[in-house]
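Asks: This is what each chain is made of:
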Amino acid sequence: MLQATKLTKNYGDIEALKGLDMTVEGGDIYCLLGANGAGKTTTISLFLNFIRPDGGTATVCGLDVAEQPLETKKLLAYIPEQVMLYGNLTALENLRYFSQLGGHDYSQDEYRDFLRRVGLEEEAVDRRVKTYSKGMRQKVGVAIALAKQARALLLDEPTAGLDPKASNEFSELLLNLKSHGAAILMATHDLFRAKETGTRIGIMKEGRLVDELSTGEVTHADVEKIYLQHMHAGGHYAQDGAGSA
Amino acid sequence: MIASIARKEFSEIVRDGRFKWTAGIMALLLLTALAAGYQKYSAYMDIQRMSQDQTNAQWLNQGDKNPHAGAHYGNYAFKPAGPLAFFDNGINNYAGTALFMEAHKQNFAIGRPATDQSSIGRFGDLSGAMILQLLMPLLIIFLGFTAFSGERESGTLRQVLSMGVSNRQLLWGKALGIGGVVLLIVGLCVLAGGLALSLTGPSTESESLGARATLMALSYVLYGGIFLFLTLAVSAWAKNARTALMVLIGFWAFAGFLAPKAAVEISKAIHPTPAFGKWMADMRSHQMRGFDGVPPFVRFEQESREIFAEYGAESIAELPVYVGALRLQKFEEYDFPVFEQHYGQLRDSYTNQRRLQDRIGIVAPTLPLRSLSMALAGTDLIRHVNFADAAEAYRRDMVLKVNNYLGEAAASLNTGYGGGNVLIADEAIFAMVPPFRFDSRGLQATLAEHAGNFIALMLWLAAALGLALWSVQRLKVEED
Chain A
0 MLQATKLTKN YGDIEALKGL DMTVEGGDIY CLLGANGAGK TTTISLFLNF
50 IRPDGGTATV CGLDVAEQPL ETKKLLAYIP EQVMLYGNLT ALENLRYFSQ
100 LGGHDYSQDE YRDFLRRVGL EEEAVDRRVK TYSKGMRQKV GVAIALAKQA
150 RALLLDEPTA GLDPKASNEF SELLLNLKSH GAAILMATHD LFRAKETGTR
200 IGIMKEGRLV DELSTGEVTH ADVEKIYLQH MHAGGHYAQD GAGSA
Chain B
0 MIASIARKEF SEIVRDGRFK WTAGIMALLL LTALAAGYQK YSAYMDIQRM
50 SQDQTNAQWL NQGDKNPHAG AHYGNYAFKP AGPLAFFDNG INNYAGTALF
100 MEAHKQNFAI GRPATDQSSI GRFGDLSGAM ILQLLMPLLI IFLGFTAFSG
150 ERESGTLRQV LSMGVSNRQL LWGKALGIGG VVLLIVGLCV LAGGLALSLT
200 GPSTESESLG ARATLMALSY VLYGGIFLFL TLAVSAWAKN ARTALMVLIG
250 FWAFAGFLAP KAAVEISKAI HPTPAFGKWM ADMRSHQMRG FDGVPPFVRF
300 EQESREIFAE YGAESIAELP VYVGALRLQK FEEYDFPVFE QHYGQLRDSY
350 TNQRRLQDRI GIVAPTLPLR SLSMALAGTD LIRHVNFADA AEAYRRDMVL
400 KVNNYLGEAA ASLNTGYGGG NVLIADEAIF AMVPPFRFDS RGLQATLAEH
450 AGNFIALMLW LAAALGLALW SVQRLKVEED
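As given, the protein sequences belong to chains A and B, one line each in that order.
Everything in the first sequence is counted per numbering that gives the first Met the number 0, starting at 0 for the first residue and increasing by one.
Everything in the second sequence is counted per numbering that gives the first Met the number 0, starting at 0 for the first residue and increasing by one.
Careful, some of the hints might be misleading.
What the hints assert, rightly or not - When the alpha-carbon atoms are kept at most 16 Å apart in a straight line, the in silico EDC-like pairs for lysine to aspartate or glutamate are as follows:
1) A/Lys129 with B/Glu11
2) A/Lys164 with A/Glu205
3) A/Lys164 with A/Asp125
4) B/Lys104 with B/Glu331
5) A/Lys194 with A/Asp63
6) A/Lys129 with B/Asp15
Hints listed in this document are in silico derivations from the structure and should not be mistaken for laboratory results.
This is chain A alone, in the form it adopts within the complex:
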């Protein structure tokens, strides 16, 4: 459902992404691991057409993102590291606004239901979100994604800075979405949760995908070991490993 083919992106002289090939199918939670600057966020931005590729294509459900940006965005939901909302609007108003931007409209009760499902306290729903904690804002972000009924989700370190409970609740939601057949691509630093929640793990380094794992076939210890091996390895090893999975 999400597919990158020889996807390349340069910022001036810096090659941020060097011919990325990857596929995320419906029902997959694909966790992208890698150091900062490895190209995770660049990949997500390319799927969102926030930036244009210098080579290759990104497709969503077979549609080329660069050619049909609005159509592909309708199929996607995006949750950034920091969900940014309109402080002077309530959670419900934020949810309604973003839903309407995505072309959906629901009744008041349905909106409340979305916010309940992501675990937002009842009393917070009609409060202006400038008083919200980061966890609460992320929940609204998830509700926005739920309400969009997207076929594919792009998550950019969505649990960074969340307390363990909120993080756990978030994982529950992802599993729920996955069971409904959504394709989920998540950039993360959380190896533990990647193994726990993800179905597949991709390790990125310097703009390349250097390894892919199926979480069912490895243990936590394996994930950490393999990840650190890639991080410590020289450029040659990384290049040899590219596309080996």
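Could you slot chain B onto chain A? The hints should help.
Replies: Just chain B, lined up with the frame of chain A:
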């Protein structure tokens, strides 16, 4: 979709703490200006009506006297104002509102409030028009400069653009939302002012008031739209909100202060106004010299044969009318082309200045709007020229009527040029001159003269819109 964006924009602005202050100050200033305009207009209309009635009564009760002396006694014309003058006082402070009409002389309008004001008066009148021309753009800029730049800074733009909404829809929605807020503040105040005037103000008949008010509202909406789309364009283009604000305030100062001042200076330099003393001296000596270089006394002697022939007479003795009155009227008529030439020269310089200013108006939307606004309010130069023309026509008719009366009444005293001076007429005869009434030229003429200003506003709106569309099309959440 666009409606949802507009609604969100609207509620967000209205809930912002800054809004209460800006809206409050704007409403306060506008209402104060409208109240001041209302007060000024009512007082002016009272004075105008009272003075016109008084001068008419004085004319009718001037006592028994020689009819031509009655023409010297003269009469005043007071310029009436349309109801929209309460909103835009135009050039009334400078052009004068009362004109003395007498035999042998065409006069200037006097009664210019500006001459009684200290230099602070040069900043202009506190009027509804001034508030809307200068402060409404500022309000739009304050409400709109963060429309895109602020969302980019706070990070909401990333999420908004991830939803699959087109940039154009965002633009229209934001324009509608911000425009709605501005319209609400300004519209309510103006409506309140207009309502107060129509309910309790002096009743005035005014030609095509509805059409004038509608066109005026339309002009201000166009003007607001120009600033709205420019604000959105800059907000989408600028890297951050601070840059957007700085660029917009710079343009505002240029359009509202620099360009109008420059336009006035340039137009004065290219079409200089004659120096008053010299102009007046030139006109008086031209009268003495005679229009074609033949002094009036000489010209009357030269043409007397033909003049007498019109009456079937060959000498003064055969004339059926008093020759002194005939000569007075001829002298009067000999001056017509002199007045037309000299006043025409003055008027042309003002008119050319205004036209040039209108043309310069293409560089800043405030200029064409200002010109249009006072034209529609009936407080502009064209209206003033119409008034002066009407007063001159009235003056000529007044003098003609009394001279003709003298000619017939003193026909028996036809011994020489001064024989009829002894004639004393009953004051009742002065009723043959009807009271002065000023019917301004219609709206059509105003529109024809100001079509260019409408076009300039439209062009500005189209340019602002084009700029906004271009700017949102290249709207980026990240550097590429």
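Asks: With reference to the structure, classify each hint as holding or not holding.
Replies: So, going through the hints one by one against the coordinates:
{"no.": "1", "hint": "A/Lys129 with B/Glu11", "in the structure": "holds, 12 Å"}
{"no.": "2", "hint": "A/Lys164 with A/Glu205", "in the structure": "violated, 33 Å"}
{"no.": "3", "hint": "A/Lys164 with A/Asp125", "in the structure": "violated, 23 Å"}
{"no.": "4", "hint": "B/Lys104 with B/Glu331", "in the structure": "holds, 9 Å"}
{"no.": "5", "hint": "A/Lys194 with A/Asp63", "in the structure": "violated, 30 Å"}
{"no.": "6", "hint": "A/Lys129 with B/Asp15", "in the structure": "holds, 12 Å"}
Figure legend: structure checked against the earlier numbered hints; hints not met, in rising order: 2, 3, 5.
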